[in-house]
Each structure stands twice: as structure tokens, then as C-alpha cells.
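As they're listed, the protein sequences go chains A and B. Counting from 1, position 328 in the first sequence corresponds to residue 328 in UniProt numbering; the numbering is continuous, with no gaps. Counting from 1, position 350 in the second sequence corresponds to residue 350 in UniProt numbering; the numbering is continuous, with no gaps.
Since the hints were made in silico from the structure, they are not lab data. Worth double-checking, as some hints may not be accurate.
Remember, identical chains collapse to one label, so a pair may be satisfied in a single copy or spanning two.
DSS-like, lysine-lysine: derived pairs with alpha carbons at most 27 Å apart [what the hints assert, rightly or not]:
#	residue 1	residue 2
1	Lys-163	Lys-349
2	Lys-195	Lys-6
3	Lys-195	Lys-391
4	Lys-11	Lys-339
5	Lys-62	Lys-305
6	Lys-62	Lys-354
Protein chains: 2
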Amino acid sequence: MSVWEKLYSEKVSTLRPSPIREMLHVIRQPGMISFAGGNPDPQSFPVDLFYESASILKEQGKDVLQYGTTEGYPPLKSFLCSWLKPRMGRAITEDELLITTGSTQVVDLLCWAILDKGDLIITEEPTFVGTALTMHNHGAQFLTIPCDANGMLVDQLPEKIEKALSQGKRIKFIYTIPNFHNPLGCTMSLERRKKLVEIANRYGIAILEDDPYAYIRFEGEDLPTLFSLDQSGLVVHACTFSKILAPGTRVAWAVGNKEIIRKMAIFKQGIDLCSSVVAQALVYEYCRKGHLDSYLPNIVDHYRKKRDNMEECLKKHLPLEEVSWVKPMGGFFYWLEMKNLKTADLYKKALQKKVAFVPGESFYPNQNGGKNCFRMCFTFASPSDMDEGIKRLGEAMKELLKS
Amino acid sequence: MSVWEKLYSEKVSTLRPSPIREMLHVIRQPGMISFAGGNPDPQSFPVDLFYESASILKEQGKDVLQYGTTEGYPPLKSFLCSWLKPRMGRAITEDELLITTGSTQVVDLLCWAILDKGDLIITEEPTFVGTALTMHNHGAQFLTIPCDANGMLVDQLPEKIEKALSQGKRIKFIYTIPNFHNPLGCTMSLERRKKLVEIANRYGIAILEDDPYAYIRFEGEDLPTLFSLDQSGLVVHACTFSKILAPGTRVAWAVGNKEIIRKMAIFKQGIDLCSSVVAQALVYEYCRKGHLDSYLPNIVDHYRKKRDNMEECLKKHLPLEEVSWVKPMGGFFYWLEMKNLKTADLYKKALQKKVAFVPGESFYPNQNGGKNCFRMCFTFASPSDMDEGIKRLGEAMKELLKS
């Protein structure tokens, strides 16, 4: 027994590493084609435009090298307060906005502020494994709601909520990824959005609207955010520069009622004091120069082509009688469902053929489903890798179907 | 009652904002001279040299704008593994090092890994209020040990530990700032360092060695780190670029046994996934070009002069029969103790005269002392502000003594 073994907290006994992060060593094997991680394509990064913004390190050096306020770099906050207006339904005030280190931190901070061990969080099933682990570390239990092509089946909520409440459970928030869901790729319909907000209000349950992919829409029209549909202040909206600029900045934000934002900011004081001011200033300068708005269509166009490319490759190489999917209208992911094959078998065979994806089971917070599903990220692989990788995947499926 | 009120976690009921962070609005009053925050002097920032390192955003843009590994940006880790050798006593391996978002995050992560609500942490009394709040948020209780000019009175440890253990308490770690203590300014003697490590080993208690000021030494010789004196792997060493380069980077690190570092890294996955890669890459490039080592003496010289300046001003303006202090040999802080005056009275009067400091009570984790003490940061104020501010402080003291 190590010296640390007897010191560990209870939380360590249920600690699970992120399966996606842990796959990195698999993905890095030579010759491996990966559709696993949700990484943006480095080809989409505005390297030169972002480098331009470095001038702020010189011009405002004494300010941006200093400690910042916990709530965020004021010029960036000010920019976002107005830039967010279209999607938030109104201009945001500075005390409704908190800059965070990645939007993962929004989840962490909200859990600090409202979750006690054993409390319930309602999530879509499946849901994003990264944030589910954040909630799990805070001692959350999960009440899950299935989805179809129009997102969470919100009609199931009242009955499930009533049942949990009657069992004495406390339900703290509903976690949803309404746009281009991770891993499902689906988008919640307007009707369901309205119902969801109504139900949350009826029961006094908060909503965490995790919306990293909102701006990566390939077709169709933007739907109103849950935040904009809500009048009660119960919706915390999380978004990030990771997909609309670059994840290496680790600059993200939360928008919400000023009371909960203030509580989250106080917890953030004890967590990292403030997010990197240097990174925030670089992002701000990029935005101030107008690059965010002018470059974003390039990113969307780039990913639309990649989505189309994956759609084509899937149709070309996979056994269509065995596997089905819904073409996503935005975001980063395809979710594939197989009729007869088990994901575990496919995963093993696929790795032998040097192609990787994330098994569906990882996205089930109660680890009770997805055994015939898997997630494919279409943003990262190059066109030639896309074709070759999906060809290998098709071969793996066909071999398994024969055996 | 707000909609959030009934959702709050238990942790909110004991949540306390950082008094230093909350003083910001006081400090920003026009004409205020502040010795409160522990901010570096912006004049000490290597603005031009740091700006030079921005070239990495162009040259390695596709890499540094991408998600990074949770453990840290590999080139920076590699640099630190060898750069840390002198103070760590040996080269560090990559799995013994974790890059964090500020060294506050080291405290947060260690608490995640080993602290359950109600567990004891041993700290110096007084101790740094920021990290004490991090531990407090995790549900820590504090067993405190007084200090003298040679640091923590470690001889008191065995009896206090035995007593707590006999009461059924679990003691998880000893939190210490051995060099140029915040707020005391004192440095732990070599003899006490050896004893401290021996005692921690005897009882199987971890040590968190928080060492942000180690490199800001004005005179005398470096003493060995607790990490280097320990053979058991029970010491986690925390350090940061905040004082040796710039806090706006928010790049810091933990060094420790690979088992605990691994656990902390898994918790970090759920907290912010990884620290800003952009900020880490800029710091790395600055280091790679040799600026860290070549510029550091400028910072130390700069602060030595400021320390000397404060020493002079204190002697010149304060009523010496009333107030005493120990001249710090490094770091950022003076700790002043008054014979007859109460800090609360002085604080009120000082604010009227537009001069600010941090009252001593803030640094007592059990809020039971320091009522005649206060902390003065000597790094931030300009020379003219230093003189004028301390003059005002002396006047405030003299007026109070007369009344």
C-alpha cells in the first residue's frame, strides 16, 4: 500500500478518468486514424489573425500580465455583453457574465454552488461524458431522459420528476446540450425548448444550457436559447471560444442570473482565482479587431464540407442494412447505431485496423446503454483519412457480420 | 426569496468571499494608496521579452491553439523537469509534474484527492487567506500552529497531532509556506524543515509545500525544500510563474509523487480539462529563450529596493514604541504587530486617510487572532506612494494613540 492510499478522499473511490482523454495513447499510435476526440481541425484555426492580437501583450502588457478580477477581463466581458445579444435575446449586464477556464468550469462551478452529494441532475441520455464526470465527481446521481432527432423527450420529465421527488430526492438542475448534441448530433425543437423551460419553472429546477456548438450551424435557422425563453432566471447558459476560435485559449463563459453568477465567482476565487488574463486579452483583441465575426463563416464552411464528406464516406463504406444515423445540421458529431453488432466487438476490431471512435456506452452516465452505438467526430480527420478510416470501419463491420 | 435560494448547496451556507479580492472596490477609490493585495509591481514585468515569445503563436499555432493534455504543455513540462532540479534536489520526471491554473489550483486539486468534509488540515497561524478559503470550501477544519521568526513552531506538532487523533479526527495534510511566509514574511529554518518532514512521515500525514516566493530572495542562502528533504513521497510542492514572471499567465505547477499527481490530474480533467495552452506556450517560449533565468535577478533587485524602501518608511513614519516587525529576507510582505492599538480601529482611520492594508484577522483560518496585526505588501506601491502611504498610516496610528 502506498503512503497516499490511506489519505485518499471518498471521492477517489468513485473517481473515473475521462475515457476520451485516456484514449489519447491509443489515438497516438502510428498509423491510427481517429474519429474519437472532439478536437477542432487545426486547419480551421485562424493562426495568423490570432497572432496579430499578440500586439496587446506589448501595448497593454502591464495590465494583462497582472492578476485579473475573478469575474473576467473587463474588456472581454464588455465585448461579450453586447456580442451575445442576438442569442441571449437581450444585452447582458456585466454581473450576469462570468469568464471561465473552459466551459467545463461552468459545470464545476454550478455544482459547487448548488449540488450536494446524492442530489439528482437530469441529463439527456446519452450525454457528454466529460461534463458528466465533473458532475459525478461532485457526487451527482443521474436521472436520464432519452432523445430522438428533436432532442430530449421532455414530455417524460414531469412523471420522472414527480417520482424522484416522491422518493425524497432533491433535483438540482437539468443539464442539456440543445444544439448539435454531443454525442447525438440532434437539436432540440422550439416546441420542446418552450416546454422544458416551463417544466423547470414549474418545479423550480435550474437548467444548465451547455451550448458550445451553437455557432457551428450548417443549415437551417437558429433556434432561441433556453436562456432567452426563460423569464425566471433559472437558466445558466454556458458557451466557449473552443469551437468558434480555438480550444487552446481555454476561454469560455457562463451567462445567468446575477445571484448565481456571483456565487459561482466566489467559488472560482478558491479554484483558480481568475482565468488566464493573457489568454483572455488575446481573445479580446481578436474579437475587437472584428475577426470573430469575419472568420467564423470560414470555420462553419470548413466543417460543413467535412460533415458532407463524412456523410458520403459513411454511405459509401458502411453496410447500410446494419447501421443508421441522423445527419447532423451542425456541431462536431455523428452518432451511429448498429442493429446486430456490439460496439465492444467493433471497437476491438477497429483498433486492429487502426481506426478509433468513442464507444457509445461512455456517454451513458448510468452506464446502462449505448452498447450498439458509437460517436464519430467529423471535424478532425483530413479528407483522405476520413475516407480511409471509414473504409476500414466498414471492413471491420462486414468482417464481424460474417463471423 | 430568490429562485436560487432553495437550490443552494450546503457549501454555500459557509461560503466566504476572499477579503482581499473583495477589497478591490475599496482599493480602486481615487487617491487610495494600497498595500493590501499581493500584486507584483507592473514595472517588474518583462513586457517586451514576454511579447517576443508571442512568435510561438505563429510558429506553433496549430499546436498551441488545440486542446492540450491535462497534465500540461509537454515542452513546458520538459523545461520545468530540469529547471527545477536545484530546488527539488534532483531532476523531476514528467509524471511527477502537473501544470495548473495558478497554484491555488494545486490546493483545490489536493483537496479533491485527499480531503473529506470535516478532515483536519494543519496550517501555520496566521496563514494565507486565499488558499485557506479553498480548503474551507472543501469542508476542512483547521489545526493551527503558531510561528516565530524561524517559521512554524514544529515542536508543537506531535502533541497537537496526538490529541486530534485521540479525538478521532483525520489529519490529511500540513499546509506550509516555508519561504517568506504570506503574511508573516518569515522563513522556516533548516532544522525545523527536517523536523517537519520527520513528523509528517511518522504520522503518515502529507505536506503541501506552497512555495511561490522561493525565488524572490534578497539575501542569505536558499534552504532545501521540504520536497527535497523527504524520501517518502508525502510532499506535494506547489510553485508558480506569478512572482517570477507574471500572474496574468496563471501558469503554475505541482511536483509530487506520481501516484498523487495522477489522481490530481484526473480531477483536473473534470475541473478545466487543461490549463490555457496559449498561456503555457507563451511562458514556455519565454523560458526557452533563457529570459526566465536572465530576467529574474532584475525582479529580485527591484523588490529588494522596494523592501528596503518600505523598511525605511516604516522606521521614519511609524511610532516605533507601538509597532514591531521582522524585516523579511524575501517575498512580498511585512507583518506588523501593534502593542495597544486594535487593527479594526486603525483600518477604519486608515481608509479615511486613503491608505489600505489587509487586517491580520483575515489570515487566521479559525478567525481567532491577529486583531492587533496587519499585512503590508511592499511590491506594488510606487516609491512616492510608499512614503506618502506609510506617512498617512503613521498619522492614523498617532491619532488613535492620542484619542
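Evaluation of the provided hints:
1. Lys-163 with Lys-349: Neither: 42 Å inside a copy, 59 Å across copies.
2. Lys-195 with Lys-6: between (48 Å within a copy, 22 Å between copies)
3. Lys-195 with Lys-391: Cα proximity of Lys-195 and Lys-391: none, with 42 Å in one copy and 64 Å across.
4. Lys-11 with Lys-339: neither (37 Å within a copy, 47 Å between copies)
5. Lys-62 with Lys-305: between (43 Å within a copy, 20 Å between copies)
6. Lys-62 with Lys-354: between (49 Å within a copy, 24 Å between copies)
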